[in-house]
Amino acid sequence: MQKQTPSAKLAAARPPSFPLTLPRGSFALDAAIDDRLRLNSGATPRSGSAAHPIFGFVAALGGSGLSVAEILDRCGHSIDDGPVLAACEIDWDRTLQVGSVYQVDGEVSAMRRKPSRRFGAADHLHLCFTVLHEDETFARVRLHMIIPAA
Amino acid sequence: MIAWVEALRDDNPIHRDPATSAALGFGPRTVNPGPTNLAYVLNMIAQAFPGDHPCRLEARFLGNVLAGDDVAVSGRCIGDGQVEARLTVPARGETVLDVVVTGGLVI
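Residue numbers (the working numbering), protein chains in the order written: chain G, 1 to 150; chain E, 1 to 107.
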């Protein structure tokens, strides 16, 4: 049986309303983390200062004002439920650069419960993030996560 | 996987603990984070189109890559600067990720 945090219990008793705006966060994209994730995904070494494009996603989630666990907690779930990613969209407006600190705005747009062949029932969570630097948008990310609800 | 979950601040135990992964029905191995699988596809596109940068990506996660899996990436140009790509686990004959990437971002 999963342990529920006090705030998750409260959220379960009083369902959150959506959209749920997340506090602004930040992500420091330095050369070391770009090198590390390139190495761990078999990418070619960086040329110049352009970061690997996956940092559109990594900065959004890693720099969110709330971690994945905290977002799920606000939605009445636990990270221990084993959420999975169902879909995502990324729009890059500019190339992310190493040596920059990005701001991240985010929102939980919606959460809908649907029947699930695998879990019996599952909550479908829709999130969107904007990655900015000095008020210029660098990336916009939309995620669809599925969380067992039975 | 640890480098990825640290960067993503993702404490999902399916990425760290094989026992939890098994208990949740994923089998006795940890599950690769979804963005890592996306990176494999973006790597293939970067090698095919050096110097180009993606401006849009749409992805559907259809299955999981598990610790120790070998994966294969394939893709084809479908016009308008778009590549349709697929990540598979050949040993299971399973497609785990479908992606459409649009290139042409001006830095």
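Source of the hints: derived by calculation from the structure; they are not laboratory data. Backbone N, C-alpha and C fix where the C-beta goes; we use that ideal spot for every residue, glycine too. Take these hints with a grain of salt, some might be off.
Short, incomplete list of chain G residues facing chain E, as computed with Cβ under 7 Å [said to hold, decoys possible]: (1) D30; (2) A31; (3) A32; (4) R36; (5) S49; (6) F57; (7) L61; (8) L66; (9) S67; (10) A69; (11) S78; (12) D80; (13) G82; (14) E89; (15) M111; (16) C128.
Consistency of the hints with the structure:
| no. | hint | in the structure |
| --- | --- | --- |
| 1 | D30 | violated, 11 Å |
| 2 | A31 | violated, 14 Å |
| 3 | A32 | violated, 11 Å |
| 4 | R36 | holds, 5 Å |
| 5 | S49 | violated, 10 Å |
| 6 | F57 | holds, 5 Å |
| 7 | L61 | holds, 5 Å |
| 8 | L66 | violated, 9 Å |
| 9 | S67 | holds, 4 Å |
| 10 | A69 | holds, 5 Å |
| 11 | S78 | violated, 10 Å |
| 12 | D80 | holds, 6 Å |
| 13 | G82 | holds, 4 Å |
| 14 | E89 | holds, 5 Å |
| 15 | M111 | violated, 17 Å |
| 16 | C128 | violated, 14 Å |
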